[in-house]
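As given, the protein sequences belong to chains V and Z, one line each in that order.
Per my numbering, residue 1 is the first one in the first sequence, and the count goes up by one each step.
Per my numbering, residue 1001 is the first one in the second sequence, and the count goes up by one each step.
Mixed in with the good hints there might be a few duds.
Listed next, with one range per pair, are the computed distances between beta-carbon atoms [as the list claims (entries may be wrong)]:
| no. | chain 1 | residue 1 | chain 2 | residue 2 | range |
| --- | --- | --- | --- | --- | --- |
| 1 | V | A103 | Z | V1019 | 55 to 63 Å |
| 2 | Z | L1005 | V | D70 | 21 to 29 Å |
| 3 | Z | Y1015 | V | P111 | 44 to 52 Å |
| 4 | V | D70 | Z | I1081 | 38 to 46 Å |
If you want a taste of the chain Z side facing chain V, the calculated C-beta under 8 Å gives, among others [said to hold, decoys possible]:
| no. | residue |
| --- | --- |
| 5 | A1080 |
| 6 | V1091 |
| 7 | V1092 |
| 8 | A1093 |
| 9 | I1096 |
To be clear, the hints were calculated from the coordinates, so they are not data collected in a lab.
Glycine residues also receive a C-beta, built at the ideal position from the N, C-alpha and C atoms.
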Amino acid sequence: MKPDQGMSLIVKTVTCWINSFIFLFGIYVMLFGHITPGGGFPGGVIIACSFILITLAAGKEFALKLFSLDDASVVDSFSIFLFLFIGFLGLILGNYFLQNFMAAGEPFRLPSAGTIVLNNVAIGLKVGAAIFAMFMYLSLFRLDEGEETE
Amino acid sequence: MIYGLCLILFLVGFYGIVVKRNLIKIIMGLIIMEYAVHLFIVLVSYQRGGIVPILQEGQSISEFVQLAVDPLPQVLVLTAIIINFGITALVVAIAIRLYEKYGTFDINEIRRLRG
C-alpha cells in the first residue's frame, strides 16, 4: 500500500481492520443461505463490497494487483459453468436437472440441504466477480479524445 | 391504506424524474420508483399470522391453504431487484458517457445529438 495513493491513513488503517471481517461475513452469508436469511446473491454482493472498499481506500492499482479484471472475468465465467455442472450432475446421477443427489443431512446444520450449498457458492462467486468487474469498468475506462479505450 | 404509502413513494420518484434536471437525480428517482413497486408487490403477499409455505406433517390441506403465505410475489421481487440492479448499472454507464462527452449532467445543456 503506497502512501501517496488512495485516501488518508485513518481510512486505510480502519479498512485493514474491518475488511477481513466483511469478507468473512460475506462467506458466512453465502454458506448459510439455506438456513438463515441470505444466500448466494447477498453473499456475493458483500464480498464485492469488501473489494470495492479496498479500491476506494487504497487506490485502484492496489485492488487490481489483488484481483485483476482478467481474474474477475475468469471467475465470472467459470462459476456459471460450475452451476451448470452441478445441475447436469443431478441429471446424470438422478433423474432431472438440478436434482439433489447428496445426502439430506440433519436440519439446521451446514450440510443439511444437499446441493443447494454448492449452488449458492457458485452464484456467490459469480455475483461477486461480476459486481466487482462492473464497478471497475464504470470507474476505470475513460474516453480520451474521442477514441474509446476499451 | 398502506398501499397508498407505496403510491406516495412512487410519486416521489416520479417527481424526481419529471422535474429534476440533473441526470444523477433522475437516476435516483428511477431507483425510488423501482423500490416503490417492489414494496407494493411484497405487501400484496403479506398475510397477518401467515406461515411458511412448506407442508409439514400432520397439517391439513385446507388449513395450510388458508394460512400459508404466497411465495410467488417474493420470488418475483427477488428477480426484479436483480434486474433493476442491472438496469441501474446500465443507466449509470450511459450517464458517465454523457458526462464525458458533454462535460455536464444538466439535461437542458445536452441538446445536441452528435454521433
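Hints, one by one, checked against the model:
1. Checking the proposed 55 to 63 Å range against V:A103 and Z:V1019 shows it holds: the Cβ atoms sit about 59 Å from each other.
2. The supplied range of 21 to 29 Å is broken by Z:L1005 and V:D70, whose beta-carbon atoms lie about 47 Å from each other.
3. Taking 44 to 52 Å as the suggested C-beta distance range, the pair Z:Y1015 and V:P111 conforms, at roughly 51 Å.
4. Restraint check, V:D70 to Z:I1081: a C-beta distance of roughly 29 Å breaks the suggested window 38 to 46 Å.
5. Proximity of Z:A1080 to chain V is violated relative to the hint, the smallest CB-CB distance being about 13 Å (cut-off 8 Å).
6. With a cut of 8 Å, the hint placing Z:V1091 at the interface with chain V is violated, because the nearest CB-to-CB distance is about 11 Å.
7. Among the interface hints, the one on Z:V1092 holds; its C-beta lies about 6 Å from the nearest C-beta in chain V, closer than the 8 Å criterion.
8. A cut of 8 Å between beta carbons decides the hint on Z:A1093: the least distance to chain V is about 6 Å, and the hint holds.
9. This hint holds: Z:I1096 has a C-beta 6 Å from the nearest C-beta of chain V, less than the 8 Å allowed.
In summary, the structure is inconsistent with hints 2, 4, 5 and 6 from the numbered list given earlier, while agreeing with the others.
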